[in-house]
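Using the hints, position chain B against chain A.
So you can see what is in the structure, the chains are spelled out below.
Number of protein chains: 2
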Amino acid sequence: MTTPEAREEAVLEAVRKRREQVNEAIPEELPIQRPERLYEASRYLLDAGGKRLRPTVLLATGEALVDVEPLSEDYRAFPTIDGDTIDLMDAAVSVEVIQSFTLIHDDIMDDDDLRRGVPAVHKEYDLETAILAGDTLYSKAFEIMLETGADPSRTVDALGILATTCTKICEGQSLDVTFENRTDVTPEEYLEMVEQKTAVLYAASACLPAILLGADDETIDALYGYGLDIGRAFQIQDDVLDLTVPSEKLGKQRGSDLVENKQTLITVHARDQGVDIEGLVDTTDVEAVTEAEIDDAVAELEAAGSISYANEKARDLVDQGKARLEVLPDNEARDLLCELADYLIERGY
Amino acid sequence: MTTPEAREEAVLEAVRKRREQVNEAIPEELPIQRPERLYEASRYLLDAGGKRLRPTVLLATGEALVDVEPLSEDYRAFPTIDGDTIDLMDAAVSVEVIQSFTLIHDDIMDDDDLRRGVPAVHKEYDLETAILAGDTLYSKAFEIMLETGADPSRTVDALGILATTCTKICEGQSLDVTFENRTDVTPEEYLEMVEQKTAVLYAASACLPAILLGADDETIDALYGYGLDIGRAFQIQDDVLDLTVPSEKLGKQRGSDLVENKQTLITVHARDQGVDIEGLVDTTDVEAVTEAEIDDAVAELEAAGSISYANEKARDLVDQGKARLEVLPDNEARDLLCELADYLIERGY
Numbered sequence: 001m002t003t004p005e006a007r008e009e010a011v012l013e014a015v016r017k018r019r020e021q022v023n024e025a026i027p028e029e030l031p032i033q034r035p036e037r038l039y040e041a042s043r044y045l046l047d048a049g050g051k052r053l054r055p056t057v058l059l060a061t062g063e064a065l066v067d068v069e070p071l072s073e074d075y076r077a078f079p080t081i082d083g084d085t086i087d088l089m090d091a092a093v094s095v096e097v098i099q100s101f102t103l104i105h106d107d108i109m110d111d112d113d114l115r116r117g118v119p120a121v122h123k124e125y126d127l128e129t130a131i132l133a134g135d136t137l138y139s140k141a142f143e144i145m146l147e148t149g150a151d152p153s154r155t156v157d158a159l160g161i162l163a164t165t166c167t168k169i170c171e172g173q174s175l176d177v178t179f180e181n182r183t184d185v186t187p188e189e190y191l192e193m194v195e196q197k198t199a200v201l202y203a204a205s206a207c208l209p210a211i212l213l214g215a216d217d218e219t220i221d222a223l224y225g226y227g228l229d230i231g232r233a234f235q236i237q238d239d240v241l242d243l244t245v246p247s248e249k250l251g252k253q254r255g256s257d258l259v260e261n262k263q264t265l266i267t268v269h270a271r272d273q274g275v276d277i278e279g280l281v282d283t284t285d286v287e288a289v290t291e292a293e294i295d296d297a298v299a300e301l302e303a304a305g306s307i308s309y310a311n312e313k314a315r316d317l318v319d320q321g322k323a324r325l326e327v328l329p330d331n332e333a334r335d336l337l338c339e340l341a342d343y344l345i346e347r348g349y
Numbered sequence: 001m002t003t004p005e006a007r008e009e010a011v012l013e014a015v016r017k018r019r020e021q022v023n024e025a026i027p028e029e030l031p032i033q034r035p036e037r038l039y040e041a042s043r044y045l046l047d048a049g050g051k052r053l054r055p056t057v058l059l060a061t062g063e064a065l066v067d068v069e070p071l072s073e074d075y076r077a078f079p080t081i082d083g084d085t086i087d088l089m090d091a092a093v094s095v096e097v098i099q100s101f102t103l104i105h106d107d108i109m110d111d112d113d114l115r116r117g118v119p120a121v122h123k124e125y126d127l128e129t130a131i132l133a134g135d136t137l138y139s140k141a142f143e144i145m146l147e148t149g150a151d152p153s154r155t156v157d158a159l160g161i162l163a164t165t166c167t168k169i170c171e172g173q174s175l176d177v178t179f180e181n182r183t184d185v186t187p188e189e190y191l192e193m194v195e196q197k198t199a200v201l202y203a204a205s206a207c208l209p210a211i212l213l214g215a216d217d218e219t220i221d222a223l224y225g226y227g228l229d230i231g232r233a234f235q236i237q238d239d240v241l242d243l244t245v246p247s248e249k250l251g252k253q254r255g256s257d258l259v260e261n262k263q264t265l266i267t268v269h270a271r272d273q274g275v276d277i278e279g280l281v282d283t284t285d286v287e288a289v290t291e292a293e294i295d296d297a298v299a300e301l302e303a304a305g306s307i308s309y310a311n312e313k314a315r316d317l318v319d320q321g322k323a324r325l326e327v328l329p330d331n332e333a334r335d336l337l338c339e340l341a342d343y344l345i346e347r348g349y
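Residue numbers (this note's numbering), protein chains in the order written: chain A, 1 to 349; chain B, 1 to 349.
Treat the hints as calculated values from the structure; they're not laboratory data. Please note that a few of the clues may not be correct.
All copies of an identical chain are treated as equivalent in the list; a pair is satisfied when it fits inside any one copy or across any two copies.
BS3-like mimics (lysine-lysine), calculated; alpha carbons at most 30 Å apart, straight line [to be verified]:
id : residue 1 : residue 2
1  : LYS313    : LYS51
2  : LYS313    : LYS123
3  : LYS313    : LYS252
One chain only, chain A, in its complex shape:
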């Protein structure tokens, strides 16, 4: 029997090995070309780091589907279910590029200064360049997804998923913005917003290999559901971590969601319990807030049971997502997808 630490170490190692390959592929798919400043800005956050969780989900799902040993195949010439090969890495890079585009535009909208421990793109460059860098990544993601070499009808389906996913992300971000001015958001509304804003890209990452490699509809749907479940769990955990991880490790001010009056499952639950959420932190300026103020706020949220509530909800979603993987062959890559799901809510940052 393995310890939790050994299990987490194994997942991180599996993620790291795929991340290295994704990191190599990004400059191949997105070379710095004229106009250089635009492409440098487009690459800035991608080059600043990131765990590459979505591409890892995509690549591991591909391995589970075609029932090969993890990391045994070249992602650039990956076997389909019916005997062809496609460039699965293109699909993996495409979803990471979409993720990066949304981060750049979200940071403008939230006027966040830091991301991944470096200045946000609109701070490092300027507003114009950041808008354009996001827009460039947007179309590049489509260009890259068009290059997998998959059968045209599968490519059309993959592009359809990519496009509707982007639309839903925008809808979710729009809901998130309107939630900031509301004090009556329900947990259900919050989870719907998270599904659109965050989970759909995990869902796309999990079902895209099924589409491109030629799986049946039942498998595609189950994998989409897995992604939705773990994606929502991931966002809930992110909201927990915003309160509990030291600022240095987080790469931005701890508790910034509270300062900026962002709704989370935690605040929505606490308000239901009678906690005065707006009164938890006095300032709305992340530069001005003190660690002591955040500590007090977190203690109050803990006392209301709201952090445990969020943790339990995330656990339920992960268990539900893992159950959906029964549709896959029983193999090492499927085990990895289960462990990845656990990792998303057990990670420390």
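Structure of chain B alone, referenced to chain A:
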């Protein structure tokens, strides 16, 4: 023999008839749905008007290609070259939606207050909503283009054109922004920027029906070239009109390009002739400039021959574009595409 006025009237009538159908299709493809504010903002500029020149080019090119009488076929069930039918209107709406997305983001980047005589989206709504509205239109354009019902391999090619077009538009806009800080832009550089920023969407509009309806590569390439030529001519004429059309008719301050130090073919040429472009208008605030200042600036540009130079360049491009239409069957729709090209540089606003 017809008079120039009668010819222009006939073109406008042809545009108007297609515009009406495009205007009917837009709310069908982009209904106001939850979150309503996002979709209202996305539709705001589309509903505010616009000539629908790009969709008109697309629809008329389709008619010329399959050699049918203009307006005789239902665009929603349009005959392909090989006997199927597709929804050509979807393609037309898609390019107009891309155009609208770029206008919303461009207005933010240029901090323009007015567009089509109404407030820019980031003024009528706010910055966040305007960024998101543009992003939503971006993915919606891809979703709509995926719905034409064309053969998957043609759809893949069409999506490829759409994606590379969007990338080039971003590159062109980026060049345009960097030009504002340069005083040594050559006419060749300016025309390259215009090709990317503006002309590629005309090129896409002209070649997309060829791709979707099943034309050969020679035809696709010729139509792409036609679009590039008339698109560049269109932008040059736009730059001329910015100086010569009264503000009320223009829907924004006349001469705003000069005030904001935007490069145009006119200013690039005038600088070559020794005109002190930066000194033409003292203010950089479009609210503060007077009509008299603009009048003096225009007189100086006229004296340097720069406005005639721009007019001649636009005329050459239109003639070159029209010559490329020889690849099409000789029919009424092809004549319309020639007349449309002339109209782009003869229009008064």
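Here's how the hints hold up against the structure:
Taking the closest pair of Cα atoms, LYS313 and LYS51 come within 30 Å of each other only inside a single copy of the chain (23 Å); across copies the shortest separation is 52 Å, beyond that limit. Taking the shortest Cα distances, LYS313 and LYS123 never come within 30 Å of each other, neither inside one copy (35 Å) nor across copies (40 Å). In this homomeric assembly, LYS313 and LYS252 come within 30 Å of each other (Cα to Cα) only inside a single copy, at 25 Å, whereas the closest approach across copies is 53 Å.
Hint 2 from the earlier list is the only one contradicted by this structure; the remaining hints agree with it.
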